[in-house]
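Asker: The listed protein sequences derive, respectively, from chains A and B.
Residues 1 to 307 (full-length UniProt numbering) are what the first sequence spells out, left to right.
Residues 1 to 304 (full-length UniProt numbering) are what the second sequence spells out, left to right.
Just so you know, the hints here were simulated from the structure itself, not pulled from any lab data.
All of these numbers come straight from a predicted model, not from anything done at the bench.
Treat the hints with caution; some may be incorrect.
[As the list claims (entries may be wrong)] Taking beta-carbon pairs under 10 Å as the criterion, some of the chain B residues facing chain A (in silico):
1) LEU29
2) GLN45
3) GLN49
4) THR132
5) ALA139
6) ALA141
7) PRO142
8) ASP143
9) TRP145
10) LEU146
11) ILE148
12) ARG182
13) VAL246
14) VAL247
15) THR250
16) ILE262
Glycine residues also receive a C-beta, built at the ideal position from the N, C-alpha and C atoms.
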Amino acid sequence: MTQSSPLTGPARRKSGLATVLGLLWRDKFAFCAALFLLVVIGCALIGPLLLEDAATRQNLRGRNAPPFDMTRDWAFFFGADALGRPLLVRIIVAAQNTMLIAAGAVFFSALIGSSLGLAAGWLRGRMSQVILRLGDVIMSFPSLLLAVIVLYMLDPSVFNIIIVLAITRIPVYLRTARAEVLEVRERMFVQAAKVMGASDLRIVFRHILPVVLPTLLTIATLDFAFVMLAESSLSFLGIGIQPPEITWGLMVSQGRPYLTNAWWLSFWPGLAIILTTLSLNLLSNWMRIALDPVQRWRLEMGGRKND
Amino acid sequence: MKKFIGKRAVASAISLVGLVIMVFFLSRLTGDPADLYLPVDASHQAREQFREINGLNDPLMVQFGRYVADLAVLDFGNSIRQSRPAIDVVLAGFAWTLWLACVTMLLVTFAAIVIGSLAAFRVGGVFDRIATFFSLIGASAPDFWLAIVAIVVFAVNLRWLPTSGTGTIWHWVLPVSVLFVRPFGLILQVVRGSMIGVLSSAYVKTARAKGVRNRPIIFVHGLRNGMLPVITVIGDQAAGILNGAVVVETIFGFPGIGKLMIDSILQRDFNVVLAAIMVSALAIFLMNLLIDLAYALLDPRIRY
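Based on the sequences and whatever the hints tell you, model everything.
Answerer: Here you go:
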């Protein structure tokens, strides 16, 4: 009999992906969130390729056309903006810049912040102090102000916005990574690796990083939402992305003068922002449980999370 | 304790000096105020005179030296836009923001702690699910969008509240409610998470075993320990508002320090920008100190 009974859990071999998907399915909110994020990423990747033209075609006779008008093209389902451009299509196209900026900022801040944090936690001593103080200095800056000044001087291109946002978020990863490393480095397996003569680099990347990574991933997901909101605020204040480039925040701000007679101009892009950040928050909540071996049973058990 | 405060003050002062130096030079690179404040056809002579009056004619290093010398006697220079001392302009704006922050944070703290603790009391219950869901939405909402929607609904359509400005108590309702949402969502989640841990600890079980009622268990036994991580988040959020709730203040025409800062940057009123940075840095330093004191008060094991 080669078939193992379903009770001997570990004997069942499942691929990693299937396990993750299974855990995701257990939390319906997180599952919907992941689906929604996939749609948004899809829009960001292929939207501009297909719809760039439609998004910029003006039609002054259709200015501020109301939403839910079935007699027109599907593109006008959410209505049209002040120049008669279809809102739905513009939201899909704007997903690219919005996602690109947030992803870029999160990527750079996570990469730099985590590396510095790993170094600060592992090296201790003078070097670690310098890195920590650096984080404190960045933390004490009013980040929005910094962004305003830098972007007002430099040209507010996608790249510059990514850099500014990334710098302001570095301390988050730096502190978390350092705190975790300080704890993990005292554990037995790290001591064992050291005794067996593993190099510093090997210990940090092969033994410590895998333990710290889940926490960092969870934070990065949460931070993605934060960065998106920050970028939207900048665009809204008029110091972020400049037209004709579009992001969701900029669309909200462009609709502001028409608030009283065409609410949909600002409403839909704002809804896109709120749904995306909500999904990210839900997913991050799920990740915190799913990636933590101590708490994973809550998902595996399914059902009510009573404790 | 004194040593701790001293160390803190030195560290903050160093980063403040760095910030002031950076902003001083960066802001002067953004352009010449003479172009902005004088008519397009102003003569060369008029421009020179304008620069002379506002001390913008000298080399940057000389300007900086003069600024530092003035600072030493607490002279923050004049606002170009309002031609009165920059520090007066800033303090007037700061008073507004301070009120706004106090009112909002008091409401947020009270609501988040009560609702969060109750949610943590029955994890997975109906109340918990509803509270968690709404706190997640609150934490995800962009404040500028909320502000816009609130204006359309409550000011334009229903005509219950004024759209912007200050004057009556009704003018405060919309800004405070919009600022309320995000900190509320974030703090509620922290309260809930921390209280779940505390309520399942041994000393709470002991209290329950000896017959303490539910309410004292949550708000007396649990809350005191559960508050520690919560205070950190409250501090972060309050700092955010103190630093200028730029977006909300701009939309509601609220004359606070955030709106002042962004207007001054856009209008190149350098002295006001610098004074505003220093005032808000000082406020945040004091608030962080208060938070550390609150830590020590709540947890006698913490000593500085």
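Asker: Taking 10 Å as the limit, does the beta-carbon of ASP143 of chain B come near enough to a beta-carbon in chain A?
Answerer: holds (8 Å)
Asker: Does the CB of ALA139 of chain B sit less than 10 Å away from some CB of chain A?
Answerer: holds (6 Å)
Asker: Was the hint right that VAL247 of chain B lines chain A, CB cutoff 10 Å?
Answerer: Interface hint status for VAL247 of chain B: holds (5 Å vs cutoff 10 Å).
Asker: At a threshold of 10 Å, is the proposed contact between THR250 of chain B and chain A supported by beta-carbon distances?
Answerer: For THR250 of chain B, the interface hint holds, since the closest Cβ of chain A sits about 7 Å away, which is under 10 Å.
Asker: Can GLN49 of chain B be said to touch chain A, with a Cβ gap under 10 Å?
Answerer: violated (27 Å)
Asker: Checking hints one by one. Is ILE262 of chain B an interface residue toward chain A, by the C-beta closer than 10 Å rule?
Answerer: Interface hint status for ILE262 of chain B: holds (6 Å vs cutoff 10 Å).
Asker: Quick one, is the TRP145 of chain B hint okay against chain A at 10 Å, beta carbons?
Answerer: holds (3 Å)
Asker: Go through the hint on ARG182 of chain B and say holds or violated, using the shortest Cβ distance to chain A against 10 Å.
Answerer: holds (9 Å)
Asker: A closest beta-carbon separation below 10 Å is what the hint needs, so does GLN45 of chain B meet it against chain A?
Answerer: Because about 29 Å separates GLN45 of chain B from the closest Cβ in chain A, which is outside the 10 Å limit, the hint is violated.
Asker: Are ALA141 of chain B and chain A close enough, Cβ to Cβ, to be under 10 Å, as the hint says?
Answerer: This interface hint holds because 5 Å falls under the 10 Å limit.
Asker: For the hint on ILE148 of chain B, just tell me whether its beta-carbon gets within less than 10 Å of chain A.
Answerer: holds (5 Å)
Asker: Min Cβ distance, LEU146 of chain B to chain A: is it shorter than 10 Å?
Answerer: At 8 Å from the nearest chain A Cβ, LEU146 of chain B passes the 10 Å test, so the hint holds.
Hint compliance for this structure: hints 2 and 3 are broken, all remaining hints hold.
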